[in-house]
Each structure stands twice: as structure tokens, then as C-alpha cells.
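Chemist: Just so you know, the protein sequences line up as chains Y and E, in that order. First residue of the first sequence: 2, per the working numbering; consecutive thereafter. First residue of the second sequence: 2, per the working numbering; consecutive thereafter.
Misleading hints may appear alongside valid ones.
[Unchecked claim] Derived DSS-like pairs: lysine-lysine, alpha-carbon spacing no greater than 25 Å straight-line:
#, chain 1, residue 1, chain 2, residue 2
1, Y, Lys137, E, Lys9
2, Y, Lys58, Y, Lys137
3, Y, Lys138, E, Lys9
4, Y, Lys21, Y, Lys58
5, Y, Lys38, Y, Lys137
6, Y, Lys137, Y, Lys120
7, Y, Lys120, E, Lys9
8, Y, Lys38, Y, Lys15
9, Y, Lys58, Y, Lys68
10, Y, Lys12, Y, Lys68
11, Y, Lys120, Y, Lys68
12, Y, Lys132, E, Lys9
[Said to hold, decoys possible] Short, incomplete list of chain E residues facing chain Y, as computed with Cβ under 10 Å:
#, residue
13, Ala4
14, Thr17
15, Arg20
16, Glu27
17, Asp29
18, His35
The hints are simulated quantities; they were obtained by calculation from the structure and are not laboratory data. Idealized CB from N, CA, C, for every residue including glycine.
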Amino acid sequence: MSGHSKWATIKHKKGALDAKRGKIFTRLIKEIAVAAKSGGGDPDGNPRLRTAILAAKAENMPQENIKRAIQRGTGELEGVSYEEATFEGYGPGGVAVLVDVLTDNRNRAVSEIRHAFGKHGGNLGETGSVKFMFAKKGLIAVEKSAAGEDQLMDIVRVRLRRQGFRR
Amino acid sequence: MVASTYTKLEGSAAGTMMRLLEALEELDDVQNVHSNVDMDAMPVEAG
Chain Y
2 MSGHSKWATI
12 KHKKGALDAK
22 RGKIFTRLIK
32 EIAVAAKSGG
42 GDPDGNPRLR
52 TAILAAKAEN
62 MPQENIKRAI
72 QRGTGELEGV
82 SYEEATFEGY
92 GPGGVAVLVD
102 VLTDNRNRAV
112 SEIRHAFGKH
122 GGNLGETGSV
132 KFMFAKKGLI
142 AVEKSAAGED
152 QLMDIVRVRL
162 RRQGFRR
Chain E
2 MVASTYTKLE
12 GSAAGTMMRL
22 LEALEELDDV
32 QNVHSNVDMD
42 AMPVEAG
């Protein structure tokens, strides 16, 4: 697309980029809305919402969009309600696949996912067929200067003791 | 989500797997995709 007008070039590049960003934003907004709906609109008391907002900020989402997504979740603004679901299936070679979904139309989501599996040598399995192979893990990052190894080990030990473990 | 075991894929199966994961992530309703695939290197797609 070269020629006389620079905008003609920019237009195409920008269009592709905008579409991509739009997709990421939709994803983040959905997560924020669902988090706000399930745990309330205050990030201080809702870790899932806090994480979702941090992820949105990392993608440079405007504050205004974040605010609107929260309000949509808490019901202050009119919005669609999303349903959470996890689909389980197999890929080529029997690889286990978990697909996390937030959708306003479950039937459409199921058929789209089944189609994607079918097209690429996999198939959608029953609920529970692959989930047992996965465990939800968390990650805690601590600044190296903030605490030494011994201190961290002490914290872990105290937590374990409180939960009834002995060592 | 972390898998307890991993399945090794090679050659064309690995390529198909990559396309499956991409197709799933492309869908608007999908938030996250996890799998227990293990590959040596990400096969580079032509085109």
C-alpha cells in the first residue's frame, strides 16, 4: 500500500493493531465485569478484581473503560451477564486441553469450541475428563531486598502450622 | 493451571496442536487456554 498518501499505509497497519487491541480489551473487560459481579466493585476487598484491573492497566486500558466495566459488573450500568465455564477436550495425540470461557451465549460458545477442536484433529470431551490432570497454582513474588531466605521460610512455616501441619 | 503430566508431540502433530491452540484463542468467548502439550520448539508457521 505505498503511494502518495502516508495515511493509506498507516490506516492498514493501525486497523490491524486496533482490531488486536480490541480483542484483548474485550477479554479484560469481561474478566473485570465478572470479578466485580462475583466479589463486589471494591478492588481492596476483591482480589480477583484487583488482579483483573492490574492486567488491564498493563495493557494500557483507559481508566474510564475500567470504571465502566466495574459498574457494568455491579449492575450500576446496564450490561450483558456473562457465564463462566471451562471446557475440556483432547488435541492431536491425546493432549489434554482446558478452555476457560466467559460468554453471554453458552450454546454459541460450545459450538464454536467444538468446531475448533474438530477442525484441528481434536475433540471436545466430557466435563471432568481432563481437569483432574491440572492443578491451580499461584505465584508469590517478593523483592529480593525485602526479605531474606530465612525470613521467607519462617513465614511459610507459620502459615503451615496455622493450617494444622506439623514439622 | 499446571498439568501434572505432559504429552510430548513432534512433527506434524505439534503443528496441528499449535493451530488448535491458536484457533481456540481466536474465539471471542475464550478467556484462557491451558494444555499439557510439550514441544521441543515452537514450530514456525509458514505464511
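Chemist: For each hint, tell me whether it holds in the structure or not.
Modeler: To see whether the hints hold, each was checked on the structure:
1. Annotation: proposed proximity of Y:Lys137 to E:Lys9 holds, straight-line Cα distance about 21 Å (limit 25 Å).
2. A threshold of 25 Å between alpha carbons decides the hint, and for Y:Lys58 with Y:Lys137 the separation of about 24 Å falls inside it, so the pair holds.
3. A hinted pair counts as satisfied when its Cα atoms are at most 25 Å apart, and Y:Lys138 with E:Lys9 qualifies at roughly 22 Å.
4. Distance restraint check for Y:Lys21 and Y:Lys58: the Cα-Cα separation of roughly 16 Å lies within the 25 Å cut-off, and the hinted pair is therefore satisfied.
5. Under the criterion of a C-alpha separation no larger than 25 Å, the hint pairing Y:Lys38 with Y:Lys137 is consistent with the structure, at around 22 Å.
6. Distance restraint check for Y:Lys137 and Y:Lys120: the Cα-Cα separation of roughly 29 Å exceeds the 25 Å cut-off, and the hinted pair is therefore not satisfied.
7. Restraint check: the Cα-Cα separation between Y:Lys120 and E:Lys9 comes to about 21 Å, which is no more than 25 Å; the hinted pair holds.
8. With a C-alpha separation of about 34 Å, the suggested pairing of Y:Lys38 with Y:Lys15 is violated against the 25 Å cut-off.
9. At most 25 Å may separate the alpha-carbon atoms for a hinted pair to count; Y:Lys58 and Y:Lys68 meet this at roughly 12 Å.
10. With a CA separation close to 29 Å, the supplied pair Y:Lys12 and Y:Lys68 exceeds the 25 Å bound.
11. For the suggested pair Y:Lys120 and Y:Lys68, the alpha carbons sit about 39 Å apart, so the restraint of at most 25 Å is broken.
12. As the CA atoms of Y:Lys132 and E:Lys9 are separated by approximately 18 Å, the hinted pair is consistent with the 25 Å bound.
13. Interface restraint check: E:Ala4 against chain Y, minimum CB-CB distance 5 Å, threshold 10 Å, status holds.
14. For E:Thr17, the interface hint holds, since its Cβ comes within 10 Å of a Cβ in chain Y; the closest pair sits about 5 Å apart.
15. For E:Arg20, the suggested interface contact is upheld, since its CB lies about 5 Å from the closest CB of chain Y, less than 10 Å.
16. Interface hint status for E:Glu27: upheld, as the beta-carbon distance to the closest one in chain Y is roughly 8 Å, under 10 Å.
17. Satisfaction of the interface hint for E:Asp29 is found here, the shortest Cβ-Cβ separation to chain Y being roughly 7 Å, below the 10 Å cut-off.
18. Of the supplied interface hints, the one on E:His35 holds, with its beta-carbon coming within about 4 Å of a beta-carbon of chain Y, less than 10 Å.
Of the numbered hints listed earlier, those contradicted by the structure are 6, 8, 10, 11.
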